[in-house]
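Start from chain A and add chain B according to the hints.
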Amino acid sequence: MAAFYVVAATISCFKLLFLPAYRSTDFEVHRNWLAITHSLPVNKWYTEATSEWTLDYPPFFAWFEYGLSQIAQYFDEEMLKVENLNYSSEATILFQRMSVIFTDFIFIYAVKNAILLIGNIGLLIVDHIHFQYNGFLMGIFLLSIVKMYENKYLQSALLFCVLLNLKHIYLYVSPVYFIYLLTSYCYNPGVISVFSLSFAPFIYMGQLSQVLSRLFPFKRGLCHAYWAPNFWALYNIADKALFIIGSKLKLLPPTLSDSGFMTGGLVQEFSHTVLPSIKPFYTVILTLIAMLPALFNLFLNRKKGSVGFVRCLILCAYASFLFGWHVHEKAILIIIIPMILLVFESKEDGRIYLILSTIGYYSLFPLLFTQFETPIKVLFLLLHCFYSFYTLSNIHKSSERLLPIVSWLESVYLLGIVPLEFYNSVIHSLLKLDEKFPFIPLLLTSIYCSLGVVYTWLRFYFSFLQSQSPKHKTS
Amino acid sequence: MEICVLVIISLLLRWSTSQGSYSGQGKPPMFGDYEAQRHWMEVTVNLPVKDWYRNTTENDLLYWGLDYPPLTAYHSQICGFIAQYVNPEWVRLNTSRGHESYQHKLFMRYSVFLADILVFLPACLLYYISQDEVEDKSMIYGLMCLLLYPGLILIDYGHFQYNGISLGLMIMAVASLGLKQQILGAIFFTLALNYKHMELYHALPFFMYLFGVNIHTNSMKGVFQIGKIGVAVILTFMLCWLPFLSDIDSFRNVLIRLFPFNRGLYEDKVANLWCSLSLVIKLKNIMSQQALVVLSFLSTLVGLVPSAFHLLYKPTLTNFKYSLVSCHVNSSLVFFLFSFQVHEKSILIPALSVCLLADKHPYIALWFLSISTFSMLPLLIKDGLLIQCCGLSVVFLILAYYSSQQQFSHYTSRLQNWMKFMFFSSIFGAVILTVCSEVVQPPPRLPDIFPVLISAYSCGHFLFFLFLFHYCQFFNNVPNYVEKHRKVSQHKKFSKEKKVK
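Heads up: the protein sequence lines correspond to chains A and B, in order.
Residue numbers for the first sequence follow numbering that gives the first Met the number 0, beginning at 0 and rising by one.
Residue numbers for the second sequence follow numbering that gives the first Met the number 0, beginning at 0 and rising by one.
I should point out that these hints are in silico values taken from the structure, not numbers from a laboratory.
It is possible that some hints are incorrect.
Unchecked claim - Counterexamples of contact, computed for chain A against chain B with all Cβ distances above 10 Å: (1) VAL81; (2) VAL145; (3) LYS249; (4) GLU344; (5) LEU378; (6) PHE379.
Unchecked claim - Pairs of lysine-lysine residues, derived as DSBU-like cross-links and limited to a Cα-Cα distance of at most 35 Å, are as follows: (7) LYS111(A) with LYS419(B); (8) LYS80(A) with LYS26(B); (9) LYS80(A) with LYS359(B); (10) LYS104(B) with LYS80(A); (11) LYS431(A) with LYS247(A); (12) LYS431(A) with LYS104(B); (13) LYS396(A) with LYS249(A); (14) LYS381(B) with LYS111(A); (15) LYS419(B) with LYS435(A).
Every value quoted in this text rests on a predicted model; they were computed, and no experiment measured them.
Every residue, glycine too, gets a C-beta built ideally from N, C-alpha and C.
If we strip away everything but chain B, and leave its shape as in the complex, we get:
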């Protein structure tokens, strides 16, 4: 029952947000991500597969060329065919550029909505089912974080992207590992990777986990299992890339499009280390492009090592989810903070992993999720989504905080109180920065002062979280929230309240 209401509310929030504006609405000549997605439909419907990632006379890669892996392209093609059926004008080659209309917006929004209903929602529910403690109430809190997380809703339904699909597939992979279906999990993750290569952030933990678990079984069976998983992954990859495998050239074209090392160290104002460092030293001016790539690569690698090897050596089956997911959080956060060419939207990837941990660390998760939404504020303001952002964030904060109070109220220690204080003051800081960036006119010498401040503020938080989650992973510091008698008393309180109503 509660799940039904939760699902309906999450759908309502999603669709209500989608009435707002999208990125690049009415901003020629380049528009925004909405136009990019529409353009991909146009390209995939009209051109042969070989030319999708290639610069030709018909396909100008400088105008929103495809730079996502093949599954995205196929998805665009399916959507494109539907669009062509409904109204050919929407995807006509070249002449449809910058097409905007009420009907088209409706179509695009529906496509996201449908994708979420088909992939993201089932994934969340599957994850919910895959847990051992299904009857446990704390799980509903985790589900709530997944379904109501404002960042994802704002990017998918406001800004316009299809993150729900790749993240949904990732969640499905975690869920299937929880159901002891390793091969299925590997396949799901490969699909996620082939939908959006940003999922590479998560690749290492999956690999380390699967490898570690099977190594530790201490028999030929484990090795055999690794072989089976490897074959499954390779086959899935082959299947996804089939049209591009016929000649080396087209394969290479895709790869070049996917990993654009010729772009900058970071894009716009991102809450990662490099952008925040630029407040102090302008690395861009000191080092060459090549050196920057190497630097970011090395620092990412170094950042990854501790959590990855910890997982390799201790892939505990009993608490499988915890070790896997916390490693997920760590590795994706490391990627976000240190790697090359990061978008502010990429914070969604660690954020979703944090959602999976929400039932273990309710307050930290809530905190992280709020700050991660806040870190995208400059982008959202640019898209005209400030009101949606505030509305969704407050709804999420209130509901999640209230239900965490309901479910974890018995767990109060000095540490917890201290955390709470930190949480509220940090949220307060975020609110003040939000108000300032809307009300205060920035000084003419520093027009970007607020976006930079917001990035630095969030980056500080993320570094702190990185440390915190590493600590949690290594010392497996899961407070034992779940106590039977507590639950019973909670139940009584609940039913009493209902009677009072």
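Here chain A stands alone, though its shape is the one from the complex:
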């Protein structure tokens, strides 16, 4: 227990060192939200569009920013003005970074006793360097799961509702809650009141459609600028490969032309040449299809208990990540972090976790593209691998192969990251290819990682459907 506090305190102080580090545009996004919520009345929050970074999180998050802005005014008034675009004085940086560090204490409270969770390098990268508030959101998510473990269903459901109204990306896993609590709690007044508290003011002002259009921007493309390592990355590259093969063999009609994404950059609106183009509706259907067996299985075997619930949660997150529309690479944390709860359950879980976490964290690398951060992300990944492989191989006895626990082929795949990263950060620029094909490293990373993600998904799905008997283990 003492060890946990030591690690927690150490990591919190360690985060201080990232104050001067690289900040993504998300820093400006959140500053802008601070300004909007501070200086405008509520009915302008979701209509204000001075900055291109409009408020696109649910109402509770807006209120959260409003609360922060009350403290922020003592640091620097200037950051709370909507017109001050890209404002980043030292006090602003200090305040925003500190706000992430302090709200992280919710996360620390939620994960007490799990060092694997607290030293999560994914959150360090995304929150404390890239800049977002995933830590405390993830903390609420984990608290909700913990309540489920403790059979306090109502509290769990309420926490989850609050979470949904803070960041709607957690809709990814909402079907599981829906199924698991179907009979008893879904129409509970508590749940309804949380939602009405969140949305009623906007319904009253007649802004519901405006809010929803901000929350669900289907106008954006299928893939983010950097392809998240999911099914669509594979789909895109298959399309490209078919096009090249087709044009080499002269099988395609000459009217088809290369969309030129290799040179022109990965544009958001990406039209496929050979394979059918994807509409948002298709992705929704596909996601639901991918979720259905898991949900159905959970519905039939509710005796699987909370461990089964967490597994199903992960599978839903997987499905949304793999097949969703405009998925961010950061969303992989919603898969990895709950999975940490399972690593001690069985060797198979540990094995999947090791593969997925390594590859998932690696897929976050492009988030930090500035050169000063390169050693940090590499060292982070090394630290993570050393620590988690060592811990898990102590718990699940394994005969030493190339790497502990994972199989020979998987080891080769994981070690393949080394030459890949070496190519991306060193050779590619040495070959002077970075001007002609600047996106090749991103492309390679996302293809390489998506293979691993899909593989672990299949494995995890298989093991979930196989395990019919409930395991009585509590953590």
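Leaving out everything else, chain B in the frame of chain A:
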């Protein structure tokens, strides 16, 4: 395994710190040590060796002239050539002065990082291996102090210097003596001395130790060994100074640059005796420059005598490290407190020696290391590194304190409890002074009140430590922390905890 994690963490801390500002960032016309190092690259790449230490039209010594020994100059030259390859603008003669850019900062930071990976890290690991009690867990605590010591990280990666190299070479020398490689040790130390002459702080213990050990072997073999060591040292020196040996003039130029007796008694606010004394009497106003030099020289000499002669007469082979290193601590502390023209950064030299003693005196070492970091606070605030300083110090304090509790928990006596109380109250005082110096507006009549207070506070501590380490050296008061059965029970506790997780 633990070592791997420790090494990675230390590298992470290092690189995270390096994102912060450096000394003299954006402060023309003189900038700071960062510019000094860059300027040396510029000078060494563009000028012939003869002119490096000489004031010429091309080399204005008043603008960060080279004042470190030849190895630093060669190192600068190597870095300079790489810089020239990457971007010639960085080291163009005269026009590149005060060059600052994102890319250049990256380059400079990488150069420190690389130097540490190549010299400092291997040195620490070698030292770790060279110990007799490698299997002993207490050693990892020593390694931890070496690798995570915030003062060194802050000066090298924040303020900007290459202390890791000279200190690393010094550690290598101690380690090779531990492996019974006297000649190798002497060579390593000579290299350290030729990288940064501040290592003279350590010279006397090395000399006394090597001399003492071989005298006591009581045969011709010992004398022969001394001769061999002497030849090795002289040859190493010759090699380092080769380009400057051709004529007396250039040799003299280097020496003048290295020992600037024409500067003040101390620079800025240093936690040494002279600076603290100035609170009471202003020696500067009473005595001439010449007299001050003599005074500081004599007091240093007197301070050195006890520990040095003790080592000469009792260079115990069985507990070699202890006697050598504690003498190291003493002599470097004496130098720091009493000698002439001391920088606040020089506290790193005794501090690293204390790191080597950390497994023997866990609490004292932790205490010393914390206070030594604190004593550099005014400098760090000036460089805009306050947050880094706080972050690193707290990380170090927590980790080191926790692991010392884990490893030495069985050793509790009344004395130890008393020490603990002293430790916490002194750290508390340091925290209060830190907060005050940031929050409280100093009275207009005394603008320097907080730096002076910090120096005096640390100086008091250092005098106390000087006394303490002398006591330890003379009475060889090493508590026997290491007990087998304790270790076993510790192990059990550890594995239990892991299972609980």
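Hint numbers contradicted by this structure: Violated hints: 5, 6, 9, 13, 14, 15; rest satisfied.
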